[in-house]
Amino acid sequence: MFSTLKKPQNIGIIAILLLAVVMAPSVTSYPHGASGVQDSGCACHGSQADGVTPVLDGLPNELTPSMTYTLNISFTGGPSGEDPNAAALGGFHLWVSEGSLSPIDGDDKVKINPDGSATHNGIDGEDVGTGNDQTSWQVEWTAPAEGGAKFTLHVNSVNGDGIASDLDDWNRLNAEVGPQPVEQASGLTVFASSILLMITIVGGCVVWVFYRENPDSFSWDYFVPWLSDWLTTTDHKKVGTLYFLSGFFFLGVGGLFALIFRIQLATPGNDFLTQDEYNQFFTMHGTTMIFLAAMPMIAGFANWIVPLQIGAHDLALPRMNALAFWLNPAAALLIFTGIFSGQGADVGWTGYAPYIVSHTAHSGATLWVAGQILLVASSTIAGINFMTTFCTMRAPGMGWMQMPLFSWSILVATLMLFISIPAFGIGLIQVLLDRTIGTVFYEVAAGGDPLLWSHLFWYFGHPEVYVVVLPAFGVISEVLSTSARRTVFGYKSMVFALAGIGVLGFIVYGHHMFTSGMSPVLRFVTMLTTMLVAVPTGIKIFNWLQTMHGGSLVYRTHTLWALGFLVTFTLGGISGMYFPAVAMDLHLHETYFVVAHFHYVFVGGIIFGLYSGIYYWYPKATGRMLNEKLGVMHFMVGFISYNLVFWPMHRLGIQGMPRRQHTYFITTDQYFALPAEAADWNMMITIAAFFFAASNLILVYNIVVSALRGQKAPNDPWGGWSMEWLTTSPPPTPSHDPHNLPVLQFEEEHDDGDPGLFGRWIQWMMIAEDGGEEE
Amino acid sequence: MEAGGEIFHDLFDLWNFWAVIVMIIVCVWLFHHSLRYRSSDGKTIENDSDHFTPGVFPKENDDLRMELAWTIVPFILIVYLTFVAWGPLDEVWSADENAHEIGVTASQWNWNFDCGDLDADICEVSNIDVEGQTRPLLRLKAGESYMFNMTSVDVTHAPFFLDWGIKEDTVPGLITRLHYTPSVDEIGSSLLMCTEYCGKDHGYMTAVVEVHA
Amino acid sequence: MSYDSHHGDHHDHPSPFGPHDWSHGAPHNSWAPIMMAFGSSIFLLGFTKVFTQTWEGDAWSYAINSAQFGLLIAGLAIFTAGLYVFWRQDWSFDGIEFEPKSVGTPFRGIDIRKVAIWMFLMSEMMVFSSLFSTYLRYRTGIDNCEALHAAGTLTDGTVCWLPASYFIAEGGWHQETAHAALKFMPDTLIPGAINTFALIVSSYTIVLALKTAKDRSLSDSERNRKVGKYLLTTLLLATLFLIFKLVEWFVGFELGDHDHPLFYSPSLLADGFTIHASDYTYQVCNEWHDHHCAEGQLETYTIDIRMAASTFYVTTGTHGVHVFGGMVALVYMVIKAYRGGYTPDNAVSIEYFGLYWHFVDLVWVLVFPAFYLY
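Protein chains in written order, with this note's numbering: chain A, 1 to 775; chain B, 1 to 213; chain C, 1 to 374.
Because the hints were derived from the structure by calculation, they are not lab data. Just to be clear, a hint being listed does not mean it is correct.
[Said to hold, decoys possible] Label pairs and their in silico Cβ distance ranges:
| hint | chain 1 | residue 1 | chain 2 | residue 2 | range |
| --- | --- | --- | --- | --- | --- |
| 1 | B | Thr105 | A | Val206 | 47 to 57 Å |
| 2 | C | Leu269 | A | Trp761 | 43 to 53 Å |
| 3 | A | Met683 | B | Asp129 | 25 to 35 Å |
| 4 | A | Pro60 | B | Asp129 | 32 to 42 Å |
Using N, Cα and C, we set each Cβ at its ideal position, and we do this for glycine too.
Using the sequences and the hints given, assemble the complete structure.
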């Protein structure tokens, strides 16, 4: 079983991993976040020691509500007192869940922190009081009006050398008094247990998939090699599968967040989630869905299909490809670490400065930023890889204007992504440094400009929107053309529309900042350019519609999703046209109208497009057909419930319901706010959201069951023309024979082989005079 | 009362009109083509007009006149809509020199209005209870022109004047301005909310704006 | 061909730890990606735990949490191990049997690696563009301290911009003493000037390395030795660059006795140019007298110059990290060169590294005037 252990390198790796585990004492989550500061009550004292005994006296056996008690805090043991001339003896930090702490009048040895906890005075060399020269302190606690309270006490026993170091010891004491409330399931607990459940299921699935691959000669001996083969693979199809699975997993996680805060919003004034939890959950919902679900799923499709489609045997840089993938789960770890300590990022997916660098933002935001930096690295590496692949590995005969439209869409998306994402990366690095070593890029007191972050973010953020939607365009082009048995109408104008969106995408981002205090001139310019985006998008929609003309439409599940996409994406596109009109945006900005718009684009556009892609390419990837009946059921339930979720949000937005808010206010006698019907709409949205979530389980079931018992798929089940259908289902490795690449043929007369003016220029630029690099 | 000001509703109605027209065109086209050009049983290929073969680039299917038509016609519509949207910009960004200046200072998580030397009839600040919390109440007079000079002491916020349909960020270190003249139609109280995410109590960072005759 | 990967047939696989048999094509399995990914993740986790800041009610306090260094080091160790695996697989790469070439127009016949490195440089360009945008935004948006002083509006607590060139090119407070000691050049500019020279020369030596590697008239052993020597020179120049940079930031030079220094160049840190300089002591002397400020002619202000410092350190630091990355690659290349890894048929790796190295050089040519001179 452990045959891999025989090699010395493997042992080395395992040793390094073990070392990492041993050296990572701080990975455990603390009550107040991952920064480690509250760990010992003071940032300075290193080791927890049993020798130190904290004592908390003065708590009554029977609690009288609202009464004030004097608490005696002391400790024994530890290095304290070894040196009679010591500069300091000890310290404490006391947190209480209910009621309030206050120092005894005239006592300057104790102070109350901004978060309500109590600690000794004299931290960091302050000369106030002599709180650090004590081994016992007193503090007053006023009991809450009802219920009990929980105490957490940290004490430090200091050796008095004046240096905060590992030589000092600390210890913790937990105490409680009065009636403890029955533990209610908090949103966080629900979320954490669901994640644990999902991880268990995923783990089980991995083992089960291993078993299913070869049930007849099943042996645990092959498990480690099999698993390590997946962990080390650089094959574009396997990496694509990993991308897809991780994207799909996080689609579930992001959906879970959405369901949980939809429960919160079902009725006005609800308290299912605390504000802190709500803020973390919508932040994580956005971050997860865009960066950890949509992007990896798109990368999964691109990985799988692009090399097959352009007739390459793999991507240009296979190991880089694997690196780009593995950065995703590595980043996800960082992004989610905060959540489990109750201090997850609460900054919105846009992470606007200066809130993100302010002390009111949760400590988890630091790790959120760190994780995003890794995702930026991942996208850059993937971008380099795909651009290189497109430039160099198209099969003989395939010029730029003969590339299938899905490949074109990935090309434009990749180019946009990797030109725009460094700006975001630099912004993130600035924020990370602001939050750790104390640079001041966004510190307003030092001259920092909050709008600089908005510019860097949206310079990336708006192209990013197209980056995720363009691949869906590509899928729809392929699916509609194949289903209608017609060449996609106006191939060239489709390509130019893609490129047009790619160019325009960079000069429109100001429409996110119409109310931000940006210069009116810039607002006006971006108003004009944003309006223009409608033109290339319109060309694509009309071309898709015209593609069906004269065809012979075959209704498969992927066709249904593609037709559904046409409806929902057109709606999303049209609602987008309301924002560039500045006078209208002043009302609609940051309301649910915006939420409705971008969910119509993201879900109705991207997710529907990707679903269409799943049904379309699943037979190619697995060699099995998906169940059509389940597919149609998925479409019907999904499409209807999806519209029920997001259509009413337009109305809520016009009525003025702001997004990202923990609750909403209904009109009362005293003031005008949302009409009473808003509460009903919200309840309906929440119910429909559960149906929409459930519809996705049908897809999961279909994928799993079809992988086992689906009908065997032929090489070209739908009758498509592009090169992926040349290969077997599932395709061999390498995907096309590198020594005998397929050559693109043409239905009509075609002049191929002329590189064109631009191509000749590139050749002249890139190939040395002596011809040293020619074949 | 209705959320959103007059300018918003004028534009919104016009946009809705064109949105419905575009949507009707797309939907009629979509349903017609997807039914008219379906294969007889919806499953099998009966009229494979373009003869797809794997690895063979299919024959062209385009019509330059049609493609130009749906480039130019939407472009004209866009130019028209842009022109219409351009008009109210003066209204939105105007700076009336005689406007009453009101200071707005946002902080986590409260609004602070400063009427300066203005008469109590024109501008007055007091308190009001919003769902159990004491919140500022700003009383203004209909027909008067107001200029809000806004800033923030900590992070970015944005007051959303629900009834008037306007908002603008309050940015620390920067003074942003918002001009409005409430009309007699807008007499009454409406809620002011924060529409730039600002932390824990963002959702409860409210105030009430009352316009009286 | 051993492309086929089948469950149960693991023994013929190229090792995921390398070295790799390149005649079978690109490596099929590699531990490098997963190790590098999680290594960098752990490194960043450690970074946020080592460098912490706490809100003290009205200001941040900064701490270096040395107890957490382990995490940082563990992350780096895993990343480096991953990089080692990556290189180990590349070790045997001879560029003859497996150098993938472009098949499609317009790059037909060009090495895929060459296209990739140009793509990489494209995104690098955006990285430095973003840093320069930040610089321009704040440079033009924040008033210059000296201009404010000239206009008579400088007061204690003013947030203003004191460019690094004030400390470097003009010598800052030490201006007059420095000029007396070394008339021809402002004091702290010396490390920067040497660095500029070093980088430009290193761009030349890397070209020489490529030229030598392609030279068929040399014997193998002689070529290996010469290529290695040129690469080693490049590496040493890069090391010189980083050492001088650290000296300029943290150490400083001083020659001669303190009151009448022959050559005196305090570090930027000693001059008070730090990212936490919210109360920098800005001194202006209206009249000098024998290297000392005349009685009553000294004006002292406490000003906030954190933004200038943040921009300076992060931009030049990012450039420094790029130089360091180049050094890491050079170490690998030097070893490979002495082991005979570069032949006339397999010299292009030097060229592709050279493209990156020229880029880093070019960025410095922009950074230097923007941050050191102006």
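Outcome of the hint check:
A beta carbon spacing of about 56 Å between Thr105 of chain B and Val206 of chain A agrees with the range 47 to 57 Å that was offered as a hint. Checked against the given bound of 43 to 53 Å, the beta carbons of Leu269 of chain C and Trp761 of chain A, roughly 50 Å apart, stay inside it. Here the CB-CB span from Met683 of chain A to Asp129 of chain B is close to 26 Å, well matched to the stated 25 to 35 Å. Judged by the Cβ atoms, the range 32 to 42 Å given for Pro60 of chain A and Asp129 of chain B holds: they are separated by roughly 36 Å.
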